[in-house]
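> So the protein lines, in turn, are chains F and E. Residue 572 is where the first sequence starts when you use the numbering used here, and the numbers rise one by one after that. Residue 7 is where the second sequence starts when you use the numbering used here, and the numbers rise one by one after that.
Source of the hints: derived by calculation from the structure; they are not laboratory data. Please note that a few of the clues may not be correct.
[Unchecked claim] Interface residues of chain E toward chain F, partial, derived using beta-carbon atoms under 8 Å:
#: 1; residue: Val150
#: 2; residue: Leu160
#: 3; residue: Asp301
[To be verified] Ranges of calculated distance between the beta carbons of each label pair, as one might list FRET restraints:
#: 4; chain 1: E; residue 1: Gly141; chain 2: F; residue 2: Gly633; range: 35 to 45 Å
#: 5; chain 1: F; residue 1: Gln631; chain 2: E; residue 2: Val62; range: 31 to 41 Å
#: 6; chain 1: E; residue 1: Ser215; chain 2: F; residue 2: Ile875; range: 44 to 54 Å
#: 7; chain 1: F; residue 1: Asp771; chain 2: E; residue 2: Val62; range: 50 to 60 Å
#: 8; chain 1: E; residue 1: Trp221; chain 2: F; residue 2: Val905; range: 38 to 48 Å
#: 9; chain 1: E; residue 1: Val62; chain 2: F; residue 2: Trp639; range: 45 to 55 Å
#: 10; chain 1: F; residue 1: Leu590; chain 2: E; residue 2: Ser207; range: 32 to 42 Å
#: 11; chain 1: E; residue 1: Arg273; chain 2: F; residue 2: Arg627; range: 37 to 47 Å
[Claimed, not checked] To spell it out: a stretch of chain E is covered by chain F in this simulated footprint if at least three of its residues, at any positions, have a beta carbon under 8 Å from a beta carbon of chain F; those stretches are:
#: 12; region: 249-261
#: 13; region: 280-288
C-beta: ideal position from N, C-alpha, C; glycine also.
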Amino acid sequence: MLLDRRRTNALVGQGASILVTLFGLLILTFVIGRIMPNDPVRAIVGEDATREVYDRVYQQLGLGRPVWEQFLLYIRDVATLDFGTSVRTGQPVLTDILRVLPATIELATFAILFGALVGVPLGVLAAVNKDRWQDHVIRVFSLMGHSMPIFWTGMIGLLVFYAWLGWVGGSGRMDQFYIGLVPERTNFLLIDSLLARQWDVFASALNHILLPASLLGYSSSAYITRMTRSFMLDQINQEYITTARVKGLSTRQTIWRHAFGNIRVQLVTIVALAYGALLEGAVLIETVFAWPGFGSYLTANLLIGDMNAVMTCVLVVGVIFIALNVLSDILYRVFDPRTRA
Amino acid sequence: MMTETAPRPETDTATATATPRRRRTPQALKTAGTLLRFLMRQPPSAFGLVVLALLVGTAILAPVLATHDPYVQNLGETLLPPSGAHFFGTDELGRDVYSRLVHGSRITLTIIFLVTIVVGPIGLAVGTAAGYFGGKVDIVLMRVTDIFLSFPSLILSLAFVAALGPSLNNAIIAIALTAWPPIARLARAETLTFRKADYISAARLQGASPLRIIWRSIVPMCLPSVLIRLTLNMATVILTAAGLGFLGLGAQPPLPEWGAMIATGRRYMIDSWWLVTFPGLAILAVSLAFNLLGDGLRDALDPRQMHKR
Numbered sequence: 572m573l574l575d576r577r578r579t580n581a582l583v584g585q586g587a588s589i590l591v592t593l594f595g596l597l598i599l600t601f602v603i604g605r606i607m608p609n610d611p612v613r614a615i616v617g618e619d620a621t622r623e624v625y626d627r628v629y630q631q632l633g634l635g636r637p638v639w640e641q642f643l644l645y646i647r648d649v650a651t652l653d654f655g656t657s658v659r660t661g662q663p664v665l666t667d668i669l670r671v672l673p674a675t676i677e678l679a680t681f682a683i684l685f686g687a688l689v690g691v692p693l694g695v696l697a698a699v700n701k702d703r704w705q706d707h708v709i710r711v712f713s714l715m716g717h718s719m720p721i722f723w724t725g726m727i728g729l730l731v732f733y734a735w736l737g738w739v740g741g742s743g744r745m746d747q748f749y750i751g752l753v754p755e756r757t758n759f760l761l762i763d764s765l766l767a768r769q770w771d772v773f774a775s776a777l778n779h780i781l782l783p784a785s786l787l788g789y790s791s792s793a794y795i796t797r798m799t800r801s802f803m804l805d806q807i808n809q810e811y812i813t814t815a816r817v818k819g820l821s822t823r824q825t826i827w828r829h830a831f832g833n834i835r836v837q838l839v840t841i842v843a844l845a846y847g848a849l850l851e852g853a854v855l856i857e858t859v860f861a862w863p864g865f866g867s868y869l870t871a872n873l874l875i876g877d878m879n880a881v882m883t884c885v886l887v888v889g890v891i892f893i894a895l896n897v898l899s900d901i902l903y904r905v906f907d908p909r910t911r912a
Numbered sequence: 007m008m009t010e011t012a013p014r015p016e017t018d019t020a021t022a023t024a025t026p027r028r029r030r031t032p033q034a035l036k037t038a039g040t041l042l043r044f045l046m047r048q049p050p051s052a053f054g055l056v057v058l059a060l061l062v063g064t065a066i067l068a069p070v071l072a073t074h075d076p077y078v079q080n081l082g083e084t085l086l087p088p089s090g091a092h093f094f095g096t097d098e099l100g101r102d103v104y105s106r107l108v109h110g111s112r113i114t115l116t117i118i119f120l121v122t123i124v125v126g127p128i129g130l131a132v133g134t135a136a137g138y139f140g141g142k143v144d145i146v147l148m149r150v151t152d153i154f155l156s157f158p159s160l161i162l163s164l165a166f167v168a169a170l171g172p173s174l175n176n177a178i179i180a181i182a183l184t185a186w187p188p189i190a191r192l193a194r195a196e197t198l199t200f201r202k203a204d205y206i207s208a209a210r211l212q213g214a215s216p217l218r219i220i221w222r223s224i225v226p227m228c229l230p231s232v233l234i235r236l237t238l239n240m241a242t243v244i245l246t247a248a249g250l251g252f253l254g255l256g257a258q259p260p261l262p263e264w265g266a267m268i269a270t271g272r273r274y275m276i277d278s279w280w281l282v283t284f285p286g287l288a289i290l291a292v293s294l295a296f297n298l299l300g301d302g303l304r305d306a307l308d309p310r311q312m313h314k315r
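Chain E on its own, in the form it takes in the complex (with noise of 0.2 Å):
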């Protein structure tokens, strides 16, 4: 098994496939530029990636853009409204809530980026496993799918973090245990279209292991889709780990997670409206960001909509 990942001598077959890869990369490229000018050309894909973007540079920049440490509690300026010294005025414990805001951006990019590398590969293997294998593998892995997709998503988090014990890695396990199986659905699908295929076919009787022929030719063909699909449950991902953070189930304090923030303002809201006014937006601007930006992908994708614009 090991020997086929070793260099083999030069063949035929090693320039027949190594010719098509080198070409791969500036197609890929190039589908991507369309890909992004279509979405730019319509105002909600649009708002929704400049939100993304602006989420990625505040997370970077938050050092620099926040006006106060965010976890410094100044027992004399507690409950201040907003004003110039505090944009988005203080909490209970005299922290500046523009500045968690900012730093909390880095805690829901963190949860995006585990739950994406953790899901992606999870629902890739099952997916294109039981589309490949087909019979009985596939029967049980759908079926094991099912049982999750019977699920509304957050209960099923709620539970498993009542399992695990509540912090922010849990919650972020517990997202990603409940949000494979739509990917696994989807990969499965597009395994079937392909597996009777030429190249996969050529490939078998070049004596590759079936671990290959998924790992170098299924996998591949099925990654587009399972990035939008990814993008697209972006939203569900981010509310979820944000119900989490309210209900005590996800991100502790102090950290500034933005869910959590709006649960400890919730007895301050009557005379103090900023505390959970502001985390509120941050959480639903950035949901609406996925959501619009998988509506626009949705759209790009469906070939008679993307050449009639």
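Next up, chain F with everything else stripped away, as it sits in the complex (with noise of 0.2 Å):
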């Protein structure tokens, strides 16, 4: 009972601080949009509006009302799920996040993978090989991903695998006699192909993403690269790998089923942080590929200054990552036999 108690008061906090936060995310956003030196009104109607039509908007906008009063309507707007429209496209802002952003999930997904994928192994190597040459080239490998700027990166991916070599597709998610072959139902190109069981398309966006994938992966890997050492390295001091080892265990059964079994629960945390992570290479990558998703979208509305669309965008990857943050630490409970009280 009294266990209960003590965690659905810790259970409460959280969900009391993750408010706050959001809270805060709000006040964020409202300041980006609508206190921060840039004109809201003239992103709306143009240079060359006349004094009435643009009067006409700033009274829409309520930014003549007093600020709380404009803040307080911005949070009823929220809660409404009314973001506005987007002046580039003239669409609800909400649905055009909720079209584009299946495509950075794909783009993501696959890339968390190939990072998991990389970085794990190459993590674990590198514990078992501390301080050998193995750790300090696989330390090189994962800063060199961590440093490279993603944009020059896919540039230059694109030059040497797409353009010089032809091993894979290039921008786009697929080639472009292809668009508009395959019915959207979930907006998941790869999903839809295979249920449209379009078998050349769902090829070409395979061929497509492979590339910017493997690049936004890479420069995750680095992350959970190094957490993975550093979590091995924790295990692989302690006294019952000792154990394991002298009652003759092979090095491969003391690293793989002892050291690397305890870590899984923080790995799983790691690449879910990490897969937040993704977002801001997305953005950049995206941009060099072309690729319709939500990074594109952002950017397009930024150059533009479509404050409706900019807002919504951050406001939708602040509620991302604390929904990652969130998971992360369910897992963790979840996982952990530890923390079940």
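Two chains, two separate frames, one set of hints: put the complex together.
As structure tokens, then:
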């Protein structure tokens, strides 16, 4: 009973802190969109609008009212999921975002798979061979991934693997002549093309996602490698590993079954956080690969100062981040028996 | 309050505080020397140091090292491949890519410098205040920090630049606005460890104001780790600045900022590979240097590591 109450208290506390963070997020987007010195009206009406049109939009946006009233209105809008209309596309911002998000999720999911498949084994290898040449090579390799300007890597990748070698598809999600062939059901192209049994579209999509996803994954593998290495080092230095060795287990068994088994939980949370960080790289790499996703949408709106769309995009990213944090917390609790009191 | 800073009559306390301070400088120098030697002994961090020294040297000597004026267009010599006359070729307006890169190092250094002097003080102020006062102040300040931390820094800076208008200065402001939270976190953690220390209590009993305690007794103690953390973050700062430049939200043409150079070179990339390759390599070298150096510093400050070698 007592334990249960403590648990509910902790849950309530966590819920409250999430709410406070969300509220802070709203303040931040509000300040960016409405208070900082750009002119939201100009972005909507254009440079050569008449005074009348300008004033009408000014009133519509509620910019004449006191700031706190504007903020309350903004909160009301957000609470009713009314994020306004994008000036550039003429559609409600939320519709736009929901349409472009699957492309980014597809890209990010492939990237994180790649990042984890490369990063985790390398991290283990580096930990086992600590301070030997393997460790140094892996360290430099993963720091390289962390240090590359991803938009540049993307261009060089396109130049080498697409223009010169022709191994992968170029920009976009599929070859030009396939566009529009597949009925949009989920907006996840790989899933849609499978559902429609369009194998050549599926192949083309796979061919196109390979390069951007692996570059993005490489950049995130740096973080995963580093964390895996340090988690493994913590384990390897413990006595139970010595015990395992003394009782005659092979190195492979000790490392993979005993030490690695104990860091799985931590790794899951790390990968969840790395997934969120991928969004950042996605913004840049989508621009390079003309990938019609969230990043391309955000940058297109940034460049013309479409603040409704920008505010909402920032809000969405913030919410995704908070959600991933909560998720990694939950995963930790579910998988780690010690946290179950 | 003001009398606090005015010189006071010679008392025991005045001499007591003066003596350790006079001794501190050589000690700090000695530590810095040891640190430097430790960093130079390992190839990765030595590489980082050398690259950064090269960057500073290039920035200082830019007019001497550059073979051409970075802004002068020569429409008779557009898109020339690398050669003896143009080490890294020329761009679409016939400008010398090598000279533009050399002058671009000044912009990179400016970004590093400005971000450091903005982020350091903000982070220190927020962190030490939260740590020293505790209670409600701590909760509020750390909540704000968490909100900023809950964003990927590039996306937040993108939004700030969109609101402020694209320019190099606004890009620097935007980066600084997103780079302070980790510093504040660190300064708070450091402050918490010696908030209850005897020398702080002594200062308080002597009637020092909180501001004076934070400034004279806490900030100096936080400074080393904050500086190291800033070094570690600098790679991210460089990449964010380059990313903003690439998207057209940072430095504007004709400024020879490396990210912006890549953006303009992109259109001619297929035929003129040198336009994007060299600026990209420059960004990569500097950010890798900061990462390697940061990695080395982290090892150096881990006492177990330092004495083992």
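> Quick check on Asp301/E please, does its C-beta sit within 8 Å of some C-beta on chain F?
OK, holds: Asp301/E within 8 Å of chain F, min 7 Å.
> May I ask you to test the hint 45 to 55 Å on the CB atoms belonging to Val62/E and Trp639/F?
At 48 Å between Cβs, range holds.
> Apply the coverage criterion to the region 249-261 of chain E and chain F: a residue qualifies when its Cβ sits closer than 8 Å to a Cβ of the chain, and three qualifying residues are needed.
Holds, because 5 residues of the region 249-261 of chain E bring their Cβ atoms closer than 8 Å to Cβ atoms of chain F.
> Quick check: does the Cβ-Cβ distance between Leu590/F and Ser207/E fall within 32 to 42 Å?
At roughly 38 Å between Cβ atoms, Ser207/E and Leu590/F fall inside 32 to 42 Å, so the hint holds.
> Could you tell me whether the CB distance from Trp221/E to Val905/F stays inside 38 to 48 Å?
holds, 47 Å
> Would the stated hint for Leu160/E survive a check requiring a Cβ distance to chain F of less than 8 Å?
This hint holds: Leu160/E lies near chain F, its Cβ roughly 5 Å from the closest one there, short of 8 Å.
> Do three or more residues of the region 280-288 of chain E come closer than 8 Å to chain F, measuring C-beta to C-beta?
holds (count 4)
> Could one say that the CB atoms of Gln631/F and Val62/E fall in the range 31 to 41 Å?
For Gln631/F and Val62/E the Cβ distance comes to about 53 Å; the hint is violated.
> With respect to the beta-carbon atoms only, verify the hint that Asp771/F and Val62/E lie 50 to 60 Å apart.
holds, 55 Å
> So does Gly141/E sit 35 to 45 Å from Gly633/F, Cβ to Cβ?
The hinted range 35 to 45 Å holds for Gly141/E and Gly633/F, with Cβ atoms some 37 Å apart.
> Check the following: the C-beta atoms of Arg273/E and Arg627/F are separated by a distance inside 37 to 47 Å.
Holds, since Arg273/E and Arg627/F (Cβ atoms, about 40 Å apart) stay within the stated range.
> Verify the CB-CB distance for Ser215/E and Ile875/F against the hinted window 44 to 54 Å.
holds, 50 Å
Going through the hint list in order, the structure does not satisfy hint 5, though it satisfies all others.
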